[in-house]
Amino acid sequence: MSTAVPSRTRKAGVGIAVVYVVVCVATIALTGHHVRPLFDGIGPAAPYQWVKPPPDFAAGNTKPKPASVDVALKPDGSAAAVVNTPDAQALLNLPQGAVAAHGADTKVTVTIVPLDPATLAPPASPLNADGNAYRITLKYGPSGVVVGALAKPGNIVLTVPQPARSVLSSADGRAWQELASQSIGGTGSVGAAFNGGGYFLAGAHGTVTGASSKSSSTGRTLVIAGVVVVLALALPFLVTWLRRRRRPGRRRVRRR
Amino acid sequence: MSRLFRRAIVLTIMLGAFVGLCVSCNSSASDDAISIGMLYPTSGSQGVPGRQEMRGAQLAMEWVNAHGGVHGRPIRLVSAPADRAEAVPSAMDALHHDGIAVAVGSHGSAISAAAAKAATRDGMLFWETGAVGETTAPGIANGRNFFRAAPMGANLGRAAVTFIRDEVTPRLGPHGPLRYGVAYIDDVYGRAVGAGAVEEINRSGQAFAGAFPYPADTTDYAALAARIAAAHPDVLFVSAYVNDGVALRKAFVAAHVPFVASIGTSSSYCMPEFGKRLGIDAVGLFASDKPDANVLRPAALQPAARRMFTWANDRYRARYGASMSAPALSGFSNAYALFGRVLPRARAITPASVGAAAVATKLPLGALPNGGGLDLAPAGAPDAGENRNAISVIEEWVAPNKMAVVWPPAFATHSIDPVTPAR
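Chains as they are written, first to last, in our numbering: chain H, 132 to 387; chain V, 154 to 576.
One chain only, chain H, in its complex shape (with noise of 0.2 Å):
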């Protein structure tokens, strides 16, 4: 899976991706706000690839792929270095020296897997998976040991089908973590610092998309008309009971 020398597209991709986060990164340290550092207006966005669509979205789902990036590792650490999938709805910002030299280790192969969520723990409420998981790994080549807490931070940015609140992260995908995060370039990504590999998940408020909501005004309706026909149908039993016990009652204030 290894792609040991990137194609001309996939360096314009990796370039693009690069100024993208560049400028998202900027913008957020200089302006604190959530912003828009990109141009509008240029079409509808690319349809979100899913590892399990919903049924809404199932025709012409497009599966996602994964993506492998050796980053050369020098003395001083890692080069910078931008791994995304290739439909780019995961990203993955290194900076330089990201990753702490390792013996007489010369890369670290970064791998990016989408995965169905529903094969891993559901976020805490009142979170929802939001779009694909994916299982992030940095190993040590060609020792192949794994990466572990990353020396500098970099960020990671998801592409959601849904605005979310925010990145979750996982050592092993069975407890989820909630990253201090950011929407980036309106509510389509979400990102959020990346210290090291593990499951990373996107999650949001509401219902999951596609899902069919049955409460509604209709049902409130029926819950209405539901507690009158309960409250009708308990009427004859409630008089009964009002008058068995009004009558000792009466006995007692006539005794008195």
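Among the hints, erroneous ones may be present.
Computed footprint of chain H on chain V, listed as stretches where at least three residues anywhere in the stretch have a Cβ under 8 Å from a Cβ of chain H [said to hold, decoys possible]:
hint, region
1, 195 to 202
2, 233 to 239
3, 391 to 399
4, 452 to 465
Honestly, the hints are just simulated from the structure, not real lab data. Every residue, glycine too, gets a C-beta built ideally from N, C-alpha and C.
Since the structure of chain H is provided, determine the placement of chain V on it from the hints.
Below, chain V without anything else, positioned relative to chain H:
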């Protein structure tokens, strides 16, 4: 009936009323306002024109509310985020959950198609104010749960071919039969507009050089241009977005492809960005589109529509520093058609009643501030839910960075000047 029994009945009624009141307290319909959902992209790749169209819809709400609302009830717009199609089902579910039965949107054809599907599933009514793309997928009840006040994409395509055939070619001087080619981006927007063009070419017996759909991720426009040129079209119809439209046009210019005429549609050829990026290379190109405030002739409007147009354009300029763009004017006019003309005729704010009122409301051309009217085809018609009186105009890039309406005559601000577009 004993006194106890009467008391129990009263108690039951009071309890029922109390529960009903408590439950409805969460509802957005808890006051007198009519809540209408609003789905527009406000960020992302369609954020700028989406926001403009949304602002137009908001102005329509303000106008109607300032003129008595709907039988005294004000309209309140409830926004739901929909920057991309995948966000639409959740956004519509959220509106439905809040008891909202009718929603307006959406500017983008992919968003519109998803909204039409969600509205049908949730039993809502979605009123399209700007997007022109196809909504013919299974599971969409056009004419019941989906109405489009904006022109249908296929109509833009048909209008483009009709205009070239009837208005441009007679001005070209002696020539043989012209061959028509159709290039379109292969998505819900491109297919809808391209299909209308192909249909009109075939219907009117024109020579057809071929249809050239291309995927959204096309990068080699020189190859695409060469493939189209190899079919030797004299007239090229293009349904594209800005980036691909500009790239394809540059490829034709670089290859010196000799078109007699070329015409595109709303999401590229008519965009100011298209003219800015192409400069002289855009001059002579035509665009089939919705009108914007800069090219519209107010004199062509009915007096009431003219007053509304002036009011809205002045207010828009004061707030946002520019005249109403085509999306803004489309949002204003088409949302007004719903708020000001359809809702007052509806017996209740339910999809069925509003849908029936929509089909029954007939407005002639010039009755709406964008020059259009309203004549929605009923469910069951071949064009169910589409507005047969939607307005579209033909514009031409008459100078670098300058566009003018050249057709129809009622809205034309410039004569048709068929200069050969490719050099």
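Comparing the hints with the structure gives:
no.	hint	verdict
1	195 to 202	holds (count 8)
2	233 to 239	holds (count 5)
3	391 to 399	holds (count 4)
4	452 to 465	violated (count 0)
Hint compliance for this structure: hint 4 alone is broken.
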